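There are 6 protein chains.
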Amino acid sequence: MENKGVYLNQIPGGGEITLLAAVVDKEIRPKRNGGSYLALRLADRSAELDAKVWDNPEAIAQLFSTGDVVKVRGTVEHYNDKPQLIVSRIRRCEPREYDVSDFYPASRRDPEEMFGELQAFVAMIRDDSLRQLIDEIVNDSGISDRLRTAPAALKIHHAFRSGLLEHIVSLCSLAVALTAHYQRLNLDWLIAGAVIHDLGKIEALTSTGVRFDYTTRGQLIEHVTLGLEILERHVSRLADFPLELKTVLQHLIVSHHGDLDKGALRRPMLPEAFALSILDLLDARMEQVCRTIFRRLSWLRTAPPKLSWQKRIAWHG
Amino acid sequence: MENKGVYLNQIPGGGEITLLAAVVDKEIRPKRNGGSYLALRLADRSAELDAKVWDNPEAIAQLFSTGDVVKVRGTVEHYNDKPQLIVSRIRRCEPREYDVSDFYPASRRDPEEMFGELQAFVAMIRDDSLRQLIDEIVNDSGISDRLRTAPAALKIHHAFRSGLLEHIVSLCSLAVALTAHYQRLNLDWLIAGAVIHDLGKIEALTSTGVRFDYTTRGQLIEHVTLGLEILERHVSRLADFPLELKTVLQHLIVSHHGDLDKGALRRPMLPEAFALSILDLLDARMEQVCRTIFRRLSWLRTAPPKLSWQKRIAWHG
Amino acid sequence: MENKGVYLNQIPGGGEITLLAAVVDKEIRPKRNGGSYLALRLADRSAELDAKVWDNPEAIAQLFSTGDVVKVRGTVEHYNDKPQLIVSRIRRCEPREYDVSDFYPASRRDPEEMFGELQAFVAMIRDDSLRQLIDEIVNDSGISDRLRTAPAALKIHHAFRSGLLEHIVSLCSLAVALTAHYQRLNLDWLIAGAVIHDLGKIEALTSTGVRFDYTTRGQLIEHVTLGLEILERHVSRLADFPLELKTVLQHLIVSHHGDLDKGALRRPMLPEAFALSILDLLDARMEQVCRTIFRRLSWLRTAPPKLSWQKRIAWHG
Amino acid sequence: MENKGVYLNQIPGGGEITLLAAVVDKEIRPKRNGGSYLALRLADRSAELDAKVWDNPEAIAQLFSTGDVVKVRGTVEHYNDKPQLIVSRIRRCEPREYDVSDFYPASRRDPEEMFGELQAFVAMIRDDSLRQLIDEIVNDSGISDRLRTAPAALKIHHAFRSGLLEHIVSLCSLAVALTAHYQRLNLDWLIAGAVIHDLGKIEALTSTGVRFDYTTRGQLIEHVTLGLEILERHVSRLADFPLELKTVLQHLIVSHHGDLDKGALRRPMLPEAFALSILDLLDARMEQVCRTIFRRLSWLRTAPPKLSWQKRIAWHG
Amino acid sequence: MENKGVYLNQIPGGGEITLLAAVVDKEIRPKRNGGSYLALRLADRSAELDAKVWDNPEAIAQLFSTGDVVKVRGTVEHYNDKPQLIVSRIRRCEPREYDVSDFYPASRRDPEEMFGELQAFVAMIRDDSLRQLIDEIVNDSGISDRLRTAPAALKIHHAFRSGLLEHIVSLCSLAVALTAHYQRLNLDWLIAGAVIHDLGKIEALTSTGVRFDYTTRGQLIEHVTLGLEILERHVSRLADFPLELKTVLQHLIVSHHGDLDKGALRRPMLPEAFALSILDLLDARMEQVCRTIFRRLSWLRTAPPKLSWQKRIAWHG
Amino acid sequence: MENKGVYLNQIPGGGEITLLAAVVDKEIRPKRNGGSYLALRLADRSAELDAKVWDNPEAIAQLFSTGDVVKVRGTVEHYNDKPQLIVSRIRRCEPREYDVSDFYPASRRDPEEMFGELQAFVAMIRDDSLRQLIDEIVNDSGISDRLRTAPAALKIHHAFRSGLLEHIVSLCSLAVALTAHYQRLNLDWLIAGAVIHDLGKIEALTSTGVRFDYTTRGQLIEHVTLGLEILERHVSRLADFPLELKTVLQHLIVSHHGDLDKGALRRPMLPEAFALSILDLLDARMEQVCRTIFRRLSWLRTAPPKLSWQKRIAWHG
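So the protein sequences, as listed, match chains H, U, B, E, P and V. Each residue of the first sequence is one higher than the one before, starting from 1 at the first, in this note's numbering. Each residue of the second sequence is one higher than the one before, starting from 1 at the first, in this note's numbering. Each residue of the third sequence is one higher than the one before, starting from 1 at the first, in this note's numbering. Each residue of the fourth sequence is one higher than the one before, starting from 1 at the first, in this note's numbering. Each residue of the fifth sequence is one higher than the one before, starting from 1 at the first, in this note's numbering. Each residue of the sixth sequence is one higher than the one before, starting from 1 at the first, in this note's numbering.
Because the hints were derived from the structure by calculation, they are not lab data. Everything numeric in this text was worked out from a predicted model, so none of it was measured. Hints may be right or wrong, so weigh each one.
Only pairs whose alpha carbons sit at most 20 Å apart, straight line, appear in this in silico SDA-like list of lysine to any residue [claimed, not checked]: (1) K82(E) <-> D50(E); (2) K262(E) <-> G258(U); (3) K52(B) <-> P83(P).
Go ahead and model the full structure; you've got the sequences and the hints to work with.
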């Protein structure tokens, strides 16, 4: 495997560098004084960068495609205050030469480990029908693979590989803590709700080359509708799944955004729906805020650093 | 069959009357100076009325239940400016003695005739898969009966027996006119959307005695979710129904309220979704406004009366 | 001590009863046919009830004042569908004859026990300056007594005696659970925020006879301003309290309502401010929802009952 | 007449071209390394394009003015990813050399044909006073010319030459269809409302060279006020025009935006005002949506193309 | 002239009284135990009161009509906690027997004195065209009488006889003070705006018997449209009134509510339009707030009373 | 002292100029074809300008720092349509060589004169406790200096040196005029409110080099909280300052933004709080609007120019 080299958010202010990067855009452009050059947009999981190939652009452009990972050598310059790379050598890499996770932003946690935790939470469901349903959903071959890799959003929160799974597992863990505090809450429903409330995102979002985007179905009917569809499909496979329980799950899905103007079809009406809606807000906001502050650090699992009070400010007003 | 007698919105200011009415509430209450009386709330499709039985209340109360239709004779009096009936004779009626439609507010149009029109509109769908799907939905035995009687809402518009069917047929007719005007619109999609956009209301609303109310499922997950469920169930019965077409139908259902804060999951994104959303608004508003102005008249099918400009005002600011 | 007798939310539909109740309103009114009667409004912690004294009203009215607790015997009747008590005997009670908590809605938990828990949470604060400040605040003689009895609101949530303390202790407990889950959060700040964010309510709300109401200061400047005032007063007594830490506490107070239109001066900008704001919403909503469903039960500390899914609905849409 | 040449939305990626275009901006600018050049912004009805004259800029700049149409030859190049024209020859055209409609975006329909349809709709008004009023308005010499050319908006919908007339005629046609469906609606009022509701736009908007813009009066008092002014002026010329009818017309003008926050002074209160307001929304939205999808095609009058479901999406969420 | 007697907001808790009042409602109603009585609603400028005539109701009812002023004697009783008058004698009064201003709430200021002040302000306008226009408007025979008596609103502010004139004169006075402070403001425009911005209210509101109500035109097109109509009519009578100046006046009318959702067609865009809009808000709010606090006192023209800080609170939160 | 030279908002389109300016940004950047240059951002109170030093950039860059004022000579050129200065000579200036007010936007009025007016207004307060408090606040050594220089905002209104003081003095003057008009208003409270309502801005905003910015405390707790803190500190130094009066002042501070969604904690509830809130809006809007129109002119103190009606438009819609 090739050495990744420096991440794009840490390139030096000048000098020559060698690194691996994914090609996001590729275009032949005319030079002002005649002739043409090859303009590239490179990316890895940390940032993006413009690059230019001045010599032999048409031939070089044949060597790789958008979406490929390339090994590139060049000199860092500044143009309009922004760094760019003047490329001297570039070649396409084989998949065995790099680690794909270097090019997607990805969860710091291991997907398999998180999937194991998820199954442990599902096993905590005491109602047999419900546990069977959720178990079959998460282990459905069309779902479990995508669940290991899907992000929870394009931009807002958990917008990285395995972000959805990280969010679900975090909600399950919060649900356990919450039912210890508010003992009348039904943990079965909270765990089931944590699993299915955003599950439609595995069909609403897709990876395009090295980035995430909406699918056409995601654009037209959103993850809520897609989640209801997944639920319907699996409920219909089980004999005698209680209609009341199905309705509760549908309510958890359609109410989890809390208010109509935020995308809910109904406001929460069950205690567990209120709890799920607020925990969802809490986990999304905590991930978003702390990522803003602690950026590339693995903030979830290490001890709190001694940050000054000013550095803890998430957004300037 | 017994004579219905005067409708409750037309009872005289005094004197003795005899009529049929449904019992909405029934309660034994103490008189101020000792003893008790039987307090009733009567209703027919036009209005409601309080009634009192002063003599022998406990025995009379045994003769009928809430939800029964009774034949009642009594004297009209006024109490706190509102009319009430002092009952002298009352007895329970058998179902063969009255026409249930006298006690529900109901569409002026014949349900069978409207259902026939609906089938003609469905037959206009040119795409075979889509026509087959919609045809099976409207002729599903669990749907077609309820579709003949369900209201379109509790209060806002078409809030009467067969109101949903009247609304659907009206939208289909408008869709035909609209595609004549905007020729690029896909009539297939508009007719299908007219049929399914509110279909979940057959499960969201129910008749309780002589009134409509939300079902528990209707409260928790709303007619949009219930409509998606009906669609999913019928699509799954057809082999190879195109996923694109299913997605379009789902989009028409989840976007027909137009804006998120009005209950849409997505804003309309297809021309037909915009058109359906605006036609839905138009038909609802026209029924609501004209009912407010023309009340008990059959406004849809007769020539316009010569109303003064002031009498055409729907709401005072 | 006298027997309280039946609570007003459980009075039978008729017959004679004897009970203790607080007098909320008292008025001599004319009878329609001449003469007068004494109209009373009685209350205990569960509900309110109208009562009438027909005989000797002027003399009876001298025997007690609004705000007194009385022992009353009478017959239950119904007027305009609402129960009322026709009083045959009534007398004023001495404070030693009743338990004041029977007349206020009150926390099910013992205030002293909760205050002990609060001090244990304060002791968990690791920063010496902050722990000293919060410790002096909660043990200030002008604060600690009122903190044991103040409600957290008039109507919305924890609107009962000791409701503020119950809310604070609940938030501290949630804060401990949350910092176990999100390890980068500063527990010191969360505990301090839990204690002071609503502390101004001890001056904003007051008990009037047997009910709570806003004070004039509460009306004009709200608990947020009053909380800032308490903080300022105690900080000024400590030499060299860090300005940064004071600013963080001020931010937690002014941002805890989350959005400007909900009463925040600033939106949360620190991770701990986001967390406090969402936990505050969660605890308020859980108390409010569960009280609506489980009413007079001690829902916080007992095992969940087997409620049907329909009975768990908090509000009908 | 000169050949227009290629439209600007279809210029090739390189090579030499000759075409007619309007001059929108014209400026002498310094070159970085000394000397100066002439920077132009060219436009036709389809798009805009930057152009540069490197040689003899001061002399060339004397040959034409902003707003003129020029015949230009040059080479297409790309600068910052956008095409620009390096001009080799340029000269001013006489009006007889070009068709002005090539430079404005314009309705695909013939204004005279549309004006004829408008007069046919006006002739359908049965009330003599109203028909006389509307007839005099549309044939007023200060109005009828501008009505043939005015756009309906700057950007939102029907934002092209004769767009207002196209919108009015479309609304009249929809009004006829609607009164066939809802027979109690007053067609006279709907046609009159279609004609006058937006008529103030002929004074609110103006053509500036080859583009539309707000007039100062349009900015300060909007088309609603200007429409009321036109109505007032023409009503005052007729003896005994009924005050009731004038008020209805004023109501149609001031309520047609539907809601106060969208620019209505009153919400609709007459059935015809509701209908006009919703038809106005429908026609605007259909033009806007279909233009977005079908762009330069004459979508209103040709058969629907077989577009894929994905291509029918108007806006991405 | 008869003695008015006590005002209705000051009637004693019992005993016999004699007073003059206007009849607002009049109805024969059945007694519960047979027979009938005459139910009246009486009013003067201070309050309203229910009254009952038990004896000879049909004959008594012939003696006067709704809208008449009557002299009435009777006994004050309480029914459902509200005072009512049991009438023993009642007769119709001739107009010469009472002062109509006792029955309308009315400005404390003399209309003629205020009209004189208005003319003095108009005379301050330096631009000849503008002064001539405003002068002709306020002295138009169809306007000046109604201007002396019209209220400025039904309920919100200056909702009393001559309230509109009081509001206009107050705004003129504030305009003079403001242009002394902000010397670049155009006083001509501010005075003209003060006069015409609400002038449409003389046609939008009407007196019905002893109360104010909306006219049908007021309901359908609001005072803004009616004010534009008045302006148009008077401008058209003047030769060569500058179009720019007319546009400024139209802008002041259509922008004076400040925001679209508060009834403005355009937001203010001229400094004078901003100033007028804010002064209008200020004067309305000051009248409303101070009336709430000082009620029946002539608060505008006397020295401030020594009210406690608590008594100065206008609204409880 | 050096000659300032031309202001940056008036630099010519070309040619050589010499002027003083503050250095806002300073950076060494690589040239495209090798080597480097020094890129500067210059500013004075009127505008900003880019400048480039092509020769000897590293050595030149040592001669001055960001925040310094420099004397610079160079040639004006245009790049991407924007002017830039190609520097031929540049040197650092000593503070005695320039007038700092040339580089900050600043009030046209003399701070000392305004401070004198402020003290005269404070002397008008009749209540001894209140006058003493406000007097001590404005003469507090930590406050009075900053009050002479602080802006009232970063961008919206009075966003210039001494803008806060100009705003306060203007409000005091308006308050005097207003209490002459509405005689029941308490002038004491209005003057005190004018002084303290925005006083927290002296700690919320700070000057950074030649620009204003938020302080960290300003970001986290806003000027409202900082104003309450200043009030609390000074009240605590006075023996027996009335709690009622303190509460009124707190109310004026927390309600002066008028509505919760604009940053108020409470809506105004006292007449003086309404008045202060509306005057604050008026003065802010007048400064903002007139500055937009009259820009660099001293609009407050000179006679109104004869501006055309079109030039008085503040914002285009």
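Status of the hints after comparison with the structure:
no.: 1; hint: K82(E) <-> D50(E); verdict: holds (9 Å)
no.: 2; hint: K262(E) <-> G258(U); verdict: holds (16 Å)
no.: 3; hint: K52(B) <-> P83(P); verdict: holds (19 Å)
When held up to the earlier numbered hints, the structure conflicts with none and fits them all.
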